[in-house]
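Asks: Read off the chains here:
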Amino acid sequence: MSVSPAPSPSPVASAPIAWRMPRIRLEGLPLFPIGILLVLVFAAVFADLIAPYNPEIGSLSQRFRPPVWSVGGSGEHLLGTDHIGRDVLSRLIFGARVSMVVGFMAVVFAGVVGTGLGILSGYLGGWVDQVIMRVTDTWLALPALTFAIFLAAIVGPSEFNIVIILGGVYWTRYARVVRGEVLSLKERDFVRLAIVAGCSKWKIMRQHLLPNVLNTAIVLATLMLGVVIVSEAALSFLGVGVPPPKPAWGLMLADGKKGLMAGYWWLTVFPGVCIVMMVLAANLLGDWLRVKLDPQLRQL
Amino acid sequence: MRRFVLRRVGYAVVSLFLLSVTIFLFVRVTGDPTVLLVEPGASQADLDALRHDLGLDRSLVVQYGTFVKGLVRGDFGKSFYYRTPVLELYLSRLPNSLLLAIAAMGFSLLIGIPSGIMAAVRVGGWWDSAGKLFALLGLSMPSFWVGLLLILFFSVYLGWLPSSGSGTVLHVLMPAFALGWYFAAAHMRLTRSSMLEVLGSEYVKLARLKGLPEIRVIAKHAFKNALIPVLTLAGINLVLMVNVAVVVETVFAWPGIGRLLYEGIAFRDFPVVQATVLLAGSMIVIVNLVVDLLYAVIDPRIRYER
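Quick note, the sequences are listed as chains A and B, same order.
First residue of the first sequence: 1, per our numbering; consecutive thereafter.
First residue of the second sequence: 1, per our numbering; consecutive thereafter.
No lab work stands behind these hints: they were computed from the structure.
Just so you know, not all the hints are guaranteed correct.
Within a straight-line C-alpha distance of at most 20 Å, the following computed SDA-like cross-link-like pairs (lysine to any residue) qualify [what the hints assert, rightly or not]:
1. A/Lys-257 x B/Ser-164
2. A/Lys-292 x A/Leu-37
3. A/Lys-258 x B/Glu-263
4. A/Lys-258 x B/Lys-132
5. A/Lys-203 x A/Leu-183
6. A/Lys-258 x B/Ala-253
7. A/Lys-257 x B/Ser-166
8. A/Lys-292 x A/Val-276
9. B/Lys-132 x A/Val-276
10. A/Lys-258 x A/Arg-63
11. B/Lys-69 x B/Arg-28
12. A/Lys-258 x B/Leu-161
13. A/Lys-257 x B/Leu-158
14. A/Lys-257 x B/Lys-132
15. A/Lys-257 x B/Leu-149
Pulled out of the complex, with its shape left as it was, chain B reads as follows:
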């Protein structure tokens, strides 16, 4: 177990290292970072001063060292536009993103799990076909277009829901649905295959042979076990939702991390862009690590696999 943990943590550290190197290098290789890092319209003297501050006259290795040292201390630089440390900005937006992600997760599970179960219980039936169609549409309709259609219908024609902003429960509904839409299809497919696997197992056969009513077999014996992989995926997806909501947040002017990234791009606020991407990548590396470790705790076979 210890070797396994060490190796997985090692991989995660290597991933974080490569992540920081990638982002560090991309900023520097693609041009003069001072142009990105300085506010538009800065004077030559400002540029030179910043170049010296950043230590761009020194070697790349030294520069990288300083860059990482800043990251470890939680120093992601200062936003040009808001004139505050980037980390503060990020943390102030995080609750909004989490709220949106949780609401979106609620929608996606509410749609995905029941439809997945129905599809598995009636394989090849009407529900199964409808489920397949839904999964296909979920994959094919970009979430931001779904968002735009929702605005068109619920805000413009019906006037029921606010088209943008945040503050009330009503504000969350449409962005959460647009974001959860894509994931609902994924959750449905996994629920279906997981249910099918469990329904074919020995203990479900036994429960049926015992003469339990079908609804009890499905609800109590099959569903609970089928839920494990679905909830694992949901956990990973929740972190993903926080980090991929850029376009949906932009459509609905939702003040989360995605919107922060968009503003960063629109205002050429480079420290914000860099930090958002870096933190998104780190978060996902860490979640993957945690999931791997948890799986190893649950299933010993994984620990000993080379």
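One chain only, chain A, in its complex shape:
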């Protein structure tokens, strides 16, 4: 190995932990997705304050009230009520909290597991790589949603279980991409120098490789957020996700289906619009971040 010009000590190596924050200029920010996400985050955080009613308790005398602008609607329930008289708007607002919490936690959980295994697999190579990659391939081969349904059916419905299950199903995508990145990173001079300088494997992985794959992981996480939220909605819709009477959007769609044939459209349209908005925002933001942070991922 010949490295003739002495490399300037990189700021990465000298910092205790090199968490390089991705630099994002404010101009050209995608306002549409960020706006939607801010609204949803706001709704999720302040649900207790802004929701007009308790989302889990309704009054049977108020069943199937249409939205305020429809015939028979009233200002008491802006977006109408459901089959047991619960306020749809309040349920949507609290539903944002469920979606956010489950979505973010599952994405982060999947990201930690997948990135960790990807770095181990790519850097250590050999049998570790073989084992991790065979498991990754097998899990990738499974239809994710079907597998998630299977797991949820075994362990039973709860928010915590959903996070673990979705994280456990979707870590494979991170592992594959991160491993690929690490394979090329470990041939680079800064890693070779770190080896020569006597860094332990653990230190190289944590201080030199992790910060370099972090951008990729963040981009993947944003793109995964949409997938995870749709999956959570699907699981809840099937009755193996968030347990009732919690206000999850997928669960609201399942309830709404009961009134669908009678023409109670608001129970189907509004929760769906919320899911689509959130997923659309995540996808748009992910696409933007991908171009911004990671030129190599642009072709993906």
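Using the hints provided, position chain B relative to the given structure of chain A.
Replies: Here is chain B on its own, set in the frame of chain A:
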């Protein structure tokens, strides 16, 4: 070539092995499988009898051996609800799932290919933007919500189409569209990028230089070659469609494999759930193997790659 085939088949076998181990272990690690495998409300004596039948008193390795031996013989256990072997149930539902998948594939190709071509031919134009928007919506709108909206519009308001069940051509339309919707976006994007690649190639330039009319260049020279990757993806997606239609089939009460899985969950019919997932995974592993092998036959470079 032989080494390549052996290695790929080896990988597939390893995948199937890991798949069966995963499912085997998950059932056992997460609790007492007898509780899952026995009908609700069974007596303690029944539980003990089943525990003995399953050999749960023996080591995990022995248990796994018996489990796999059953699978190889096509014995997936008996459904509690229907009281018939699971495999029989599965095979009786398979034609419905295939029909739905084929119809959905028809929709997705019918939408995806022409819009992909238009987007590629007019890059940056109106069609391209519309295509991008469509692809984004395809990814962002969950298929089951699309299905619910279709029911609302075509069944409830217009009264044109039946909202659930099967039997006639009319019954297939809405579930097929809802299922094909998501895949249409994927097919559109691949058609677009594949067309763009082919349109930039030397032989298309030559065809243009020869003075062929543009429509002929696109239809005859570019389109045919651009279609290869799209059809490969379509083949894989067809198998995927059979196995991921759970939610759409549930929305439309379509009697396919997805509905079987849903019923399995709803009735705590565990053998059905286990078999459906196992078969779904196996099918996809095998399709991936077949595609890999076919690619190696077509493109020798793949064979020699390490």
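Asks: Any hints from earlier that this structure breaks? Give me their numbers in increasing order, please.
Replies: 4, 8, 14
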